[in-house]
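Protein chains: 2
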Amino acid sequence: MGALAAFSRTGVIKGLALSTAAQAQTRKKGGAYRRIATEEAFAIPEMMEILGGYCNSNWDNPDLDLMRRFTDPEAKTYKELIDLGDERIRNMDENGLDMQVLSLTAPGVQMFDADTANAIATLSNDRLGEAIKRHPTRFAGLAAFGPLDPKGAVKEMERAINKLKLNGFIINSHTHNEYLDDPKFWPILEAAEALDRPIYLHPRSPSELMSKLYADYGMSHALWGFQAEAGLHAMRLMLSGVFDRFPNLKIVLGHMGESIPYNIWRSDYMYEGSGAPAKMKPSEVFKRNFVITTSGVNHAPVLKYCIEVLGADNIMFAIDYPYQSSKPAVDFMNEVGISREDKEKIYHRNAERLFHMSA
Amino acid sequence: MGALAAFSRTGVIKGLALSTAAQAQTRKKGGAYRRIATEEAFAIPEMMEILGGYCNSNWDNPDLDLMRRFTDPEAKTYKELIDLGDERIRNMDENGLDMQVLSLTAPGVQMFDADTANAIATLSNDRLGEAIKRHPTRFAGLAAFGPLDPKGAVKEMERAINKLKLNGFIINSHTHNEYLDDPKFWPILEAAEALDRPIYLHPRSPSELMSKLYADYGMSHALWGFQAEAGLHAMRLMLSGVFDRFPNLKIVLGHMGESIPYNIWRSDYMYEGSGAPAKMKPSEVFKRNFVITTSGVNHAPVLKYCIEVLGADNIMFAIDYPYQSSKPAVDFMNEVGISREDKEKIYHRNAERLFHMSA
Numbered sequence: 001m002g003a004l005a006a007f008s009r010t011g012v013i014k015g016l017a018l019s020t021a022a023q024a025q026t027r028k029k030g031g032a033y034r035r036i037a038t039e040e041a042f043a044i045p046e047m048m049e050i051l052g053g054y055c056n057s058n059w060d061n062p063d064l065d066l067m068r069r070f071t072d073p074e075a076k077t078y079k080e081l082i083d084l085g086d087e088r089i090r091n092m093d094e095n096g097l098d099m100q101v102l103s104l105t106a107p108g109v110q111m112f113d114a115d116t117a118n119a120i121a122t123l124s125n126d127r128l129g130e131a132i133k134r135h136p137t138r139f140a141g142l143a144a145f146g147p148l149d150p151k152g153a154v155k156e157m158e159r160a161i162n163k164l165k166l167n168g169f170i171i172n173s174h175t176h177n178e179y180l181d182d183p184k185f186w187p188i189l190e191a192a193e194a195l196d197r198p199i200y201l202h203p204r205s206p207s208e209l210m211s212k213l214y215a216d217y218g219m220s221h222a223l224w225g226f227q228a229e230a231g232l233h234a235m236r237l238m239l240s241g242v243f244d245r246f247p248n249l250k251i252v253l254g255h256m257g258e259s260i261p262y263n264i265w266r267s268d269y270m271y272e273g274s275g276a277p278a279k280m281k282p283s284e285v286f287k288r289n290f291v292i293t294t295s296g297v298n299h300a301p302v303l304k305y306c307i308e309v310l311g312a313d314n315i316m317f318a319i320d321y322p323y324q325s326s327k328p329a330v331d332f333m334n335e336v337g338i339s340r341e342d343k344e345k346i347y348h349r350n351a352e353r354l355f356h357m358s359a
Numbered sequence: 001m002g003a004l005a006a007f008s009r010t011g012v013i014k015g016l017a018l019s020t021a022a023q024a025q026t027r028k029k030g031g032a033y034r035r036i037a038t039e040e041a042f043a044i045p046e047m048m049e050i051l052g053g054y055c056n057s058n059w060d061n062p063d064l065d066l067m068r069r070f071t072d073p074e075a076k077t078y079k080e081l082i083d084l085g086d087e088r089i090r091n092m093d094e095n096g097l098d099m100q101v102l103s104l105t106a107p108g109v110q111m112f113d114a115d116t117a118n119a120i121a122t123l124s125n126d127r128l129g130e131a132i133k134r135h136p137t138r139f140a141g142l143a144a145f146g147p148l149d150p151k152g153a154v155k156e157m158e159r160a161i162n163k164l165k166l167n168g169f170i171i172n173s174h175t176h177n178e179y180l181d182d183p184k185f186w187p188i189l190e191a192a193e194a195l196d197r198p199i200y201l202h203p204r205s206p207s208e209l210m211s212k213l214y215a216d217y218g219m220s221h222a223l224w225g226f227q228a229e230a231g232l233h234a235m236r237l238m239l240s241g242v243f244d245r246f247p248n249l250k251i252v253l254g255h256m257g258e259s260i261p262y263n264i265w266r267s268d269y270m271y272e273g274s275g276a277p278a279k280m281k282p283s284e285v286f287k288r289n290f291v292i293t294t295s296g297v298n299h300a301p302v303l304k305y306c307i308e309v310l311g312a313d314n315i316m317f318a319i320d321y322p323y324q325s326s327k328p329a330v331d332f333m334n335e336v337g338i339s340r341e342d343k344e345k346i347y348h349r350n351a352e353r354l355f356h357m358s359a
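Same order as they appear, the protein sequences are chains A and P.
Count the first sequence with the working numbering and you get residues 1 to 359, in order.
Count the second sequence with the working numbering and you get residues 1 to 359, in order.
Don't read these hints as lab results, they were simulated from the structure.
Some hints here could point you the wrong way.
Intra- or inter-copy, both count: the list cannot distinguish identical chains.
Claimed, not checked - Below 27 Å or equal to it, Euclidean Cα-Cα: the simulated DSSO-like pairs (lysine-lysine) are:
(1) Lys-281 <-> Lys-250
(2) Lys-250 <-> Lys-133
(3) Lys-327 <-> Lys-281
(4) Lys-304 <-> Lys-287
(5) Lys-304 <-> Lys-281
(6) Lys-304 <-> Lys-184
(7) Lys-212 <-> Lys-281
All chains should be built: construct the whole structure from the sequences, respecting the hints.
Next comes the structure, spelled out in structure tokens:
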């Protein structure tokens with residue numbers, strides 16, 4: 001039974017992947033890659049219960065539509081999000097994944113009031129820390145925090161890195177329609193810089209100031225609204241000058257950079273004479289302060305474009321499990337025609353460096 | 001004096017380019033390309049006067065900021081926009097441009113009430129038609145129309161093609177915060193399809209439903225707001241299903257497609273299960289019904305990406321004169337490392353086909 005479980009866990013029964021030990025062996029011979037996926041979601045039941053309550057309320061908020069699909073305890077995604085053990089690791093083994101960098105699923109604690117947000121962030125960071133302790137070679141994690149209470153957020157950020165040994169932070173774009181370029185949030189940026197850990201700026205549906213236009217035709221979420229919201233948030237940060245104040249702050253953007261790399265030449269051109277307070281042009285800030293991930297985009301031309309424009313040091317592999325499947329993401333990265341060196345950087349080296357993970 | 005003027009017109013004095021006649025000669029030998037620039041702006045004084053009045057009002061609208069820079073009759077851009085003769089042609093000669101496809105500068109007539117919009121659209125289409133008659137080998141043109149009065153718009157569209165012999169249509173994204181996917185505007189889409197002429201969907205600042213968030217740090221315009229607004233507009237059209245109803249309608253998008261090509265894989269992936277009414281997935285609609293231009297983006301990696309993802313048949317050359325300079329745009333296209341066949345398509349063949357221009 002123990003042997004069978006081991007077989008099952010390593011995925012040999014399904015014939016999809018080598019065991020982790022065998023993978024490590026192969027890696028040493030220069031075969032497979034160490035694979036770290038950097039935008040992988042989890043949840044805790046206490047958070048899901050509150051979000052589920054919102055879903056059943058008459059609050060008209062574009063985030064709720066997607067939340068309804070995963071806050072039902074009977075839903076497959078709910079179970080996948082809650083699981084921080086066997087099933088998740090089995091999926092990783094089957095797909096040759098060494099590690100997941102876990103983060104509390106969007107919209108995180110950012111729809112809550114300040115006290116609830118702090119309480120749920122603390123609780124979920126604790127759970128995350130415990131999961132990593134149980135599986136230190138398979139999981140790393142990004143800490144949640146409640147932005148409404150910047151002072152409390154900074155305390156929790158410090159605890160998450162110094163005590164829980166987490167690897168960075170996650171934020172899901174706007175908080176009650178406010179953005180991180182607002183000076184009231186600067187203590188959070190300052191703390192991330194001082195702790196030398198990145199903030200993963202994850203999307204959520206467009207804020208209420210623009211959500212109406214994105215609410216038709218299913219556009220509130222990943223179909224179009226997410227990149228509009230997160231891309232806008234990142235541009236606000238870049239142009240506001242916060243990186244002049246916090247030059248070592250690192251921000252991670254998923255989904256191949258939320259359209260910013262595509263527009264980088266034009267953004268530079270238009271930055272001149274725009275009156276934007278930032279002292280450096282967008283491409284300089286982006287290359288210095290941002291790292292993007294491949295989450296949700298298994299598309300070779302985009303990856304090659306980003307390597308050409310940003311360099312492979314600024315790109316990390318990600319899947320967006322369980323919202324997207326591990327296998328096509330791994331197949332994509334395995335097969336994409338880029339150099340072995342670039343693939344190693346994207347698959348693990350950049351994540352190891354940025355998140356202070358052991359190599 | 002005549003000889004000197006001829007010299008000056010052809011740019012030989014400045015040493016920048018061959019004369020048009022010499023260019024045609026060279027083209028025949030397989031040297032230079034026929035160069036058609038497809039998003040080139042002009043204005044008429046009557047329109048500028050009304051827009052200037054708005055600029056001096058206390059209307060809080062994000063378009064006004066940019067308009068202030070060109071509605072002043074003393075401004076260089078004002079003079080360049082108004083000119084449909086010698087100076088414009090001199091600039092074209094100096095930069096080896098054979099033709100400009102002209103369109104009334106953004107925001108066109110779309111800030112006006114219905115009657116004013118119709119009157120200014122008619123007047124500017126007449127002036128455009130006259131300029132083309134004076135310089136039939138140098139100018140083509142896209143007709144303006146007033147979307148607030150769809151019936152009147154259709155009449156003007158028919159007149160512009162059948163009587164004035166213009167080549168297509170221009171619209172500047174939203175009209176009083178409304179978008180073309182609204183069924184009340186469908187007669188306009190139907191007319192464009194029936195006339196077999198494309199609508200150039202040009203950006204303007206984000207509509208009032210989202211403008212506040214883009215109003216900081218100079219983001220209302222080309223720095224970030226334009227692609228957000230025009231990209232959203234195009235996605236609304238694609239997902240709403242209007243192309244199921246008008247399968248032969250052609251829409252042109254500037255600025256390398258307003259971020260849509262970059263997100264096309266993810267859009268397809270997320271279209272499944274999104275509930276969007278469109279029967280075809282975004283990439284299929286985009287390749288069938290859209291053509292993009294290079295306006296404002298002299299960046300080789302983006303152009304190569306778009307050729308790979310969309311094919312060279314779906315891309316046209318554009319400068320965005322006088323807002324951007326002709327020389328760097330022409331230098332960029334001359335030097336970009338793509339095949340001669342692709343360059344011919346982008347420089348002139350696609351425009352000839354789409355706008356029904358003689359080859």
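Evaluation of the provided hints:
no.: 1; hint: Lys-281 <-> Lys-250; in the structure: within (16 Å within a copy, 36 Å between copies)
no.: 2; hint: Lys-250 <-> Lys-133; in the structure: within (25 Å within a copy, 57 Å between copies)
no.: 3; hint: Lys-327 <-> Lys-281; in the structure: between (38 Å within a copy, 23 Å between copies)
no.: 4; hint: Lys-304 <-> Lys-287; in the structure: both (16 Å within a copy, 21 Å between copies)
no.: 5; hint: Lys-304 <-> Lys-281; in the structure: both (23 Å within a copy, 24 Å between copies)
no.: 6; hint: Lys-304 <-> Lys-184; in the structure: neither (38 Å within a copy, 42 Å between copies)
no.: 7; hint: Lys-212 <-> Lys-281; in the structure: between (31 Å within a copy, 23 Å between copies)
Checked against the numbered hints above, the structure breaks only hint 6 and satisfies the rest.
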